[in-house]
Amino acid sequence: MSLRIVVCVKFVPDASGDRGFADDLTVDREGVDGLLSELDEYAVEQALQIAGGVEGCEVTVVTVGPGDAKDALRKALSMGADKAVHVEDEALHGSDVMGTSLVLARVVERAGFDLVIAGMASTDGTMGVLPAVLAERLGVPQVTLLSRVKVEGGVVSGRRDGDSASEEVEASLPAVVSVTDQSGEARYPSFKGIMAAKKKPVDSLDLRDLELDAAEVGLAGAWTAVDSAVKRPARTAGTVVKDEGEGGRQLAEYLATQKFI
Amino acid sequence: MAEVVVYVDHVGGAVRKPTLELLTLARRLGDPVAVALGEGAAETAGVLAEHGAVRVLTAQAPEFADYLVVPKVDALHAACQSLAQPPAAVLVPSSAEGKEIAARLAVRTGSGIITDAIDIEAGDLGPVATQAAFAASYTTKSRITHGIPVITVKANSAPVQPAPAPGTVETLTVTFTPAATGTRIVSRTPRQSTGRPELTEAAIVVSGGRGVNGAENFAVIEALADSLGAAVGASRAAVDAGWYPHTNQVGQTGKSVSPQLYIASGISGAIQHRAGMQTSKTIIAVNKDPEAPIFDLADYGIIGDLHTVLPQLTQEVHTRKN
Ligand SMILES: Cc1cc2nc3c(=O)[nH]c(=O)nc-3n(C[C@H](O)[C@H](O)[C@H](O)COP(=O)(O)OP(=O)(O)OC[C@H]3O[C@@H](n4cnc5c(N)ncnc54)[C@H](O)[C@@H]3O)c2cc1C
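Chains A and B supply the protein sequences, listed in that same order.
Letter by letter, the first sequence follows residues 1 to 261 of UniProt numbering.
Letter by letter, the second sequence follows residues 1 to 322 of UniProt numbering.
I should point out that these hints are in silico values taken from the structure, not numbers from a laboratory.
Values in this document were obtained by computation on a predicted structure and should not be read as measured data.
C-beta atoms are modelled at their ideal positions from N, C-alpha and C, and glycine is treated no differently.
Just so you know, not all the hints are guaranteed correct.
What the hints assert, rightly or not - Cβ-Cβ distance ranges computed for the label pairs, FRET-style: (1) A:Asp203 with B:Thr173: 23 to 31 Å; (2) B:Pro178 with A:Ser2: 23 to 31 Å; (3) B:Thr171 with A:Glu253: 50 to 58 Å; (4) A:Gly31 with B:Pro62: 48 to 56 Å; (5) B:Thr189 with A:Asp23: 18 to 26 Å; (6) B:Glu216 with A:Lys199: 25 to 33 Å; (7) A:His93 with B:Lys321: 31 to 39 Å; (8) B:Pro162 with A:Pro66: 18 to 26 Å; (9) A:Phe191 with B:Pro159: 21 to 29 Å; (10) A:Ala214 with B:Pro164: 47 to 55 Å; (11) A:Glu253 with B:Ala163: 36 to 44 Å.
To be verified - Covered stretches of chain A (in silico footprint by chain B; criterion: 3 or more residues with CB under 8 Å from a CB of chain B, positions within the stretch not fixed): (12) 39-48; (13) 108-116; (14) 205-213.
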């Protein structure tokens, strides 16, 4: 049996940096270094684990993003993915989830897939809806937000921990899966992996290659518009006291003055 | 007046608080039409009417409980199509499932989507949604420029207001798409109730982190929470260590909370934790490290050992309450 897995990953500004917005109110990608979204590492990990048990399985990582986004692909390749696709086009700048998902759906269809795996959300936009949107566009089952995932006999199954219940879910392939950060630690790239990644193929595509209209994507083609982005005033640090044996009682006094008790 | 579709989050007919908050926001945009699905759907009508629902559309089918997300998208889509004119907006609670339902509806109706709004106002060009970005370090205002404004809203984003309306119950006819039965829910284990308030809805949240140092020590956190009638939260470090369930995790990959009071004990204040609690009204920190970044956010902080400070606080709360 062969299995074609496509992993969708995002190149995001490092959360430990001072993230912000550019003049056109898109995410500033200049001021802060970018990296493979940590939540997508879990998707790469699960893809590699599933692939490990299947003869002739191929794992392709895909990203839509600027030139630097290749770094995210390299990281995934060094973890063990087989090949990569990078969609890069000036016209994609400022795409919203509808634009990005349109492009990803086209790439995934062109590549051919049995399983698409994504992270639970990006660490910059944090919407967490792209996998569901992709499933809707591709017309295949969505098996999302899994903390455990298994592929066997053409069926993907897993556990979805929801707000009010934990569910066991399953669907026939092809399907779109997303995995949470509870799905299992992602591996670190080995030295051998990093060296091997340098020789793995990265296919670069633009909108024309994908036969997509530039008007459907990017800032101008987005179906949402950001009118303003204002930095919140930093919370002003309040009173900090050292516990000298009365800390608990002092806290209670504070809660009382604030009418919490 | 234009109608606004509100997706009802309920458990067996008991409407969850965020839906009532949505009705408050919906009334700013038009006449709320609530959509309640599955077992107990009709029982939601009373409370929805009290809070402004002009009509309540209900649908019952085994598909809603047996298959993931898509049956609910089909129903919400049918609700939108049943209106005389397209709704002024579709509002959905920002649960993980709510966001997925909203997103698929947006694709189907050729609409833009905004998730995790913390406020919505009417605007000349349609609803304006406020969001918190980059771990709540920015506040943005956005609009949907194409199709129906589909917006998911976080809990605690608006007050619950009584606003009596007819709440006329109507049966919604839903024809399921072939995709509806794509993902089967094989089994469901309901989360056990702790008797404490829902984490995302609670007015007070008491959270513990790595500093709690052991599952059994979470009793200290729980005791304080119970004295205040609060929900219990945990950092990812505490969850990863197996000391507390993941359902209680606060932060980027856990729950996002915005209570009146958040008490962080033995939590350093990493950016991913802050992302889930930074918008709390009042923040209190107990940490033995004076350099812990959590103190930068705290309105009141105690530098000390949580194992002595918290029990003393709990004791004092009990004393003052009696
Ligand atoms: C993609 C991603 C997503 C993440 N999502 C989340 C998330 O959703 N939620 C989350 O919380 N984290 C998340 N994290 C992890 C986050 O980066 C931190 O590692 C985590 O929040 C640390 O938890 P902590 O503060 O409990 O532990 P630590 O950072 O180890 O801090 C423990 C604190 O306890 C104090 N302490 C120790 N003993 C005592 C004592 N006896 N009394 C008082 N104080 C004491 C210490 O001084 C220290 O400040 C995420 C990380 C990544 C990369």
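Hint check:
Asp203 (chain A) and Thr173 (chain B) have their C-beta atoms about 47 Å apart, which leaves the hinted 23 to 31 Å range violated. Taking the beta carbon of each, Pro178 (chain B) and Ser2 (chain A) are about 26 Å apart, inside 23 to 31 Å as hinted. Separation of Thr171 (chain B) from Glu253 (chain A) is about 57 Å and conforms to the stated range, judged on CB atoms against 50 to 58 Å. In this structure the hint that Gly31 (chain A) and Pro62 (chain B) lie 48 to 56 Å apart at CB holds, the actual value being about 52 Å.
Thr189 (chain B) and Asp23 (chain A) have their C-beta atoms about 49 Å apart, which leaves the hinted 18 to 26 Å range violated. At about 52 Å, the CB distance of Glu216 (chain B) to Lys199 (chain A) disagrees with the hint of 25 to 33 Å. Judged by the Cβ atoms, the range 31 to 39 Å given for His93 (chain A) and Lys321 (chain B) is violated: they are separated by roughly 57 Å. Between Pro162 (chain B) and Pro66 (chain A), the C-beta spacing of about 50 Å breaks the proposed range 18 to 26 Å.
Distance hint check for Phe191 (chain A) and Pro159 (chain B): the Cβ-Cβ separation is about 57 Å, which falls outside the suggested range of 21 to 29 Å. In this structure, Ala214 (chain A) and Pro164 (chain B) meet the distance hint of 47 to 55 Å, their C-beta atoms being roughly 51 Å apart. A C-beta distance of roughly 39 Å is found between Glu253 (chain A) and Ala163 (chain B), which places it inside the suggested range of 36 to 44 Å. Check on the stretch 39-48 of chain A: 1 of its residues sit with their Cβ under 8 Å from a Cβ of chain B, so the three-residue criterion for coverage is violated.
With a threshold of 8 Å between beta carbons, the proposed coverage of the stretch 108-116 of chain A by chain B is violated, since 0 of its residues qualify and at least three are required. Chain B is given as covering the stretch 205-213 of chain A, and this is violated because 0 residues of the stretch bring a CB closer than 8 Å to a CB of that chain, at least three being needed.
Hint check: violations occur at hints 1, 5, 6, 7, 8, 9, 12, 13, 14; the rest are consistent with the structure.
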